[in-house]
Amino acid sequence: MAGVLKAPAAEAVAAGPPRRRTGPARLVLVRVAASAAVLWGAVTATFCLLQVMPGGTADVLLARSAVTPEVRDRIIAEYRLDDPLAAQYLAYLGRIARGEFGDSYVLRRPVWDAIGSQLPHTLLLVLATLLVTLVASVLLAVVSAHRRRWVRSSFSAAESLVVALPPFWLGLLLLTVFSFNLHWFPAIGSSSLSGLVLPTAALAAGPVAVMTGVLRDGLLRALEEPFVVTARSRGIGELALRLRHVLRHALLPATTLLGWIAGSLIGGAVIIEIVFSRQGIGRMVLFAVENKDMPVVIAIVLLTAAVFVLVNIAVDILVWMIDPRTREAGS
Amino acid sequence: MSPVVPENAAGGGETDMSPASGDTEELLSVRDLVVGFATGREYVDAVRGVSFQIGRGQVVAIVGESGSGKSVTARSLVGLAGDGAGVRAEELAFDGLDLRQVRGRRWRALRGRRIGFVLQDALGSLDPLRRVGAEVAEPLREHRIVPAGETGAEVVRLLGSAGVPLPESRARQYSHEMSGGLRQRALIASALAARPDLLIADEPTTALDATVQRQVLRLLRDRADNGTAILLISHDLGVVAEIADHVYVMKDGRFVENGPARMVLRTPSHPYTRILVAAALGQGRGPARGGDAAPAGPDPDPGRVVLRADGLVKRYRLPGRGAFTAVDEVSVEVRAGETLGIVGESGSGKTTVGRLLLGLVAPDAGRVEVNGRLWNELRGPERRTARRRVQMIYQHPLASFDPRYTARQLLEEPLRAERVPGAERARRVAELLEHVGLGDEVLRRRARELSGGQRQRLAIARALAPRPDVIICDEPVSALDASIQAQVLDVLADVQERLGVAYVFISHDLGVIRRISHEVVVMKDGRVVESGDIRKVFEAPEHQYTKALLDAVPRLHGAGPAGAQAILNPR
Chain A
96 MAGVLKAPAA EAVAAGPPRR RTGPARLVLV RVAASAAVLW GAVTATFCLL QVMPGGTADV
156 LLARSAVTPE VRDRIIAEYR LDDPLAAQYL AYLGRIARGE FGDSYVLRRP VWDAIGSQLP
216 HTLLLVLATL LVTLVASVLL AVVSAHRRRW VRSSFSAAES LVVALPPFWL GLLLLTVFSF
276 NLHWFPAIGS SSLSGLVLPT AALAAGPVAV MTGVLRDGLL RALEEPFVVT ARSRGIGELA
336 LRLRHVLRHA LLPATTLLGW IAGSLIGGAV IIEIVFSRQG IGRMVLFAVE NKDMPVVIAI
396 VLLTAAVFVL VNIAVDILVW MIDPRTREAG S
Chain B
4 MSPVVPENAA GGGETDMSPA SGDTEELLSV RDLVVGFATG REYVDAVRGV SFQIGRGQVV
64 AIVGESGSGK SVTARSLVGL AGDGAGVRAE ELAFDGLDLR QVRGRRWRAL RGRRIGFVLQ
124 DALGSLDPLR RVGAEVAEPL REHRIVPAGE TGAEVVRLLG SAGVPLPESR ARQYSHEMSG
184 GLRQRALIAS ALAARPDLLI ADEPTTALDA TVQRQVLRLL RDRADNGTAI LLISHDLGVV
244 AEIADHVYVM KDGRFVENGP ARMVLRTPSH PYTRILVAAA LGQGRGPARG GDAAPAGPDP
304 DPGRVVLRAD GLVKRYRLPG RGAFTAVDEV SVEVRAGETL GIVGESGSGK TTVGRLLLGL
364 VAPDAGRVEV NGRLWNELRG PERRTARRRV QMIYQHPLAS FDPRYTARQL LEEPLRAERV
424 PGAERARRVA ELLEHVGLGD EVLRRRAREL SGGQRQRLAI ARALAPRPDV IICDEPVSAL
484 DASIQAQVLD VLADVQERLG VAYVFISHDL GVIRRISHEV VVMKDGRVVE SGDIRKVFEA
544 PEHQYTKALL DAVPRLHGAG PAGAQAILNP R
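First to last, the protein sequences are chains A and B.
Plus 95 on top of the position in the first sequence (first one is 1) and you've got the numbering used here.
Plus 3 on top of the position in the second sequence (first one is 1) and you've got the numbering used here.
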């Protein structure tokens, strides 16, 4: 986490005037500079949040936990709460930049520790969901980009239905059918791989439906391009045509969408983790909000912002890789 | 455009090159090919019974205007006529194989391997996301022509033999990094990669300038001399005459004439062929208007000034300091039923004048009057009403049409804006189609599904929909084939005759200007250097620049075959 937050600022300074005009390196540097600004905004927002919360900042951070006066004095010293607001703000920025998120007095352990123990569970769920989304939507889109109208219509009807389902309800439905009735998968827990199946399915359903629609539209549009006739005139098969030529064109708009989905999955994980009683950031954030555990809330807000920023950089690099025509536009 | 020299047309020699004679073995034999498309509930035949043969080492050309069915004919030969196409024929044989029986996987074995296909590089016949080398390599891999390890070397060799300089580095480029000529050669290299027996080239040189065009044609002729049969599709008789042995002239899905290239060129028997010959010779221009010709149309007050501009000045700020005067003290007058031509080279300010007249751009000085009202005095609803009085036609109508709209929706949109009721709308749409000579079968189609000439007719119809006084035409025929140019100009003249609409006709092409205009304004560097009656200006130019412009156009002075002029001036 510290690395994530520190790297942008450091590199933005180091970048200076760009030496190379093209290439992914320059793209990343430009992006990183912009990302640093986003993260700074997020940090500032959390600082303001601390200021507007009722009660003194020390009390807010303590979240009404019973502590000794020495601990209280240490917080005041660390956050320089007796200094003017500007100094407090600079001290706050410095702490975050150094990756010091302090302690959670509710959990009675360092914030980093708490997040570190929960983050892998959520990351696993999010990554599994992303993978399923990508694979399933590409498969479904290739299959459904059919020239018969009724095939396309039935797929898009099914997609609308799935998008309309609330994830928690879908989660409960999956639990009832596959856990309680069929006993195929465990109902709770995050330790085993089979316990990952149902939560991933519940979380991925919506994104898969949306992505399939976007990909199919892209495929159908690309299939009308003149190069498709050229490719067919070379004797290649319909599947090769879709995989080798057309899919890449369809992936361009879908990549941007996937970036947005990836960022929003952290939020989506909250509900799924509760429904399936999984460990993870989602449960943690719920607990922290309930107990007004501000150090944890702040850390998670910043973590989410950092994830969004990283995902956006990844999307830009992906688009850069997929479409050679964008490579000059950046210079 | 390459000049046509009939003596060279048949590739030299006095032997009869007709495919029906001689000892050439027929590689492809087509008899009574009919291709139809189901559009909505109707079924339209695009190709209506054509027959031809191609022997090994022969170049056979099919020539016709856009929409004549020539591309559909070519695509039917590789089973790519499109979804919903019905292909029927008495005989459709390729090297002893009945193509009518070929389905699915067997087509794939033929395509690329036995029959190569080159499309016109309409910006995208090569996959823009893949390297050119990968595109050329595709047929090699698909048909396993060379061992996998040698694919790279073979691609370089193919590109080199297609006349691509520095083939090693070009193979690593993307198509958008190459010029049109290089892309076209890469396409040919890709089509020839698997050494097909028959190469079909659909408009392989249309986007290319004259010198590159010649190189590409030479490349094709060279392949034919090495034994490849070539079917060349083109709208330009001049292009095919350079290399074709036998020419088929196609119109409305049928062959109207065929024969050895030199014979078709020298003694065209069908009127349509004569138009093509004349177009290839650059003589496709009618007589100038102007002179005593009275303003056309039923206007009650002929000669009424409908659009007047006085002392127009438009400056643009340049990046950095300074300004650029695009239009400098330009005054024009357009009368009902008349055409004012604005001619000049690119950058002379003629398009800016058009935009000022339309009221899209506000002048820095001067004024534009529409029917006696000043553009800049009009506000809100009044301005919108005035907008209907002045319409616009662009060079590329496709870009000005909503791609999702059908022709009917495109034509109804301006009528809806005027709140024309439903029944009345249908009548007005039919009337508009009739004015521009389109059938109502186009109403269901979208702009993309229309030919270039049809699109421009549709653009004219849409411009006419609000019953304007003036239509500003900015290079409306510059993107069209020569023979279709003539048709669209005829439509414009005809509409003017009937409706009395005035045109401001902007073009760099003096031949087109001469044909359509009554009055002309010659522009250079934002200024009007000469203006007046079209005949007077063209026959006795006073300004140096006008003289230079006229001298730079050989076809207006250069004499073609005596017959061509006579053929083309029947009216």
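Hint data in this document are derived by calculation from the structure and do not stem from the laboratory.
One should not assume that every hint holds.
Some chain A residues judged to face chain B by a derived CB distance under 10 Å, without partners named [stated by the list, open to error]:
(1) E320
(2) P321
(3) S328
(4) G332
(5) A335
(6) R339
(7) L347
(8) R378
(9) F403
(10) V406
(11) I417
(12) P419
(13) R420
Here the structure is a predicted model, which means the values were calculated and not measured.
Note that the Cβ used here is the ideal one computed from N, Cα and C, for glycine as well.
*asked:* Check the structure against each numbered hint from earlier and tell me which ones fail, lowest number first.
replied: 8, 9 and 10
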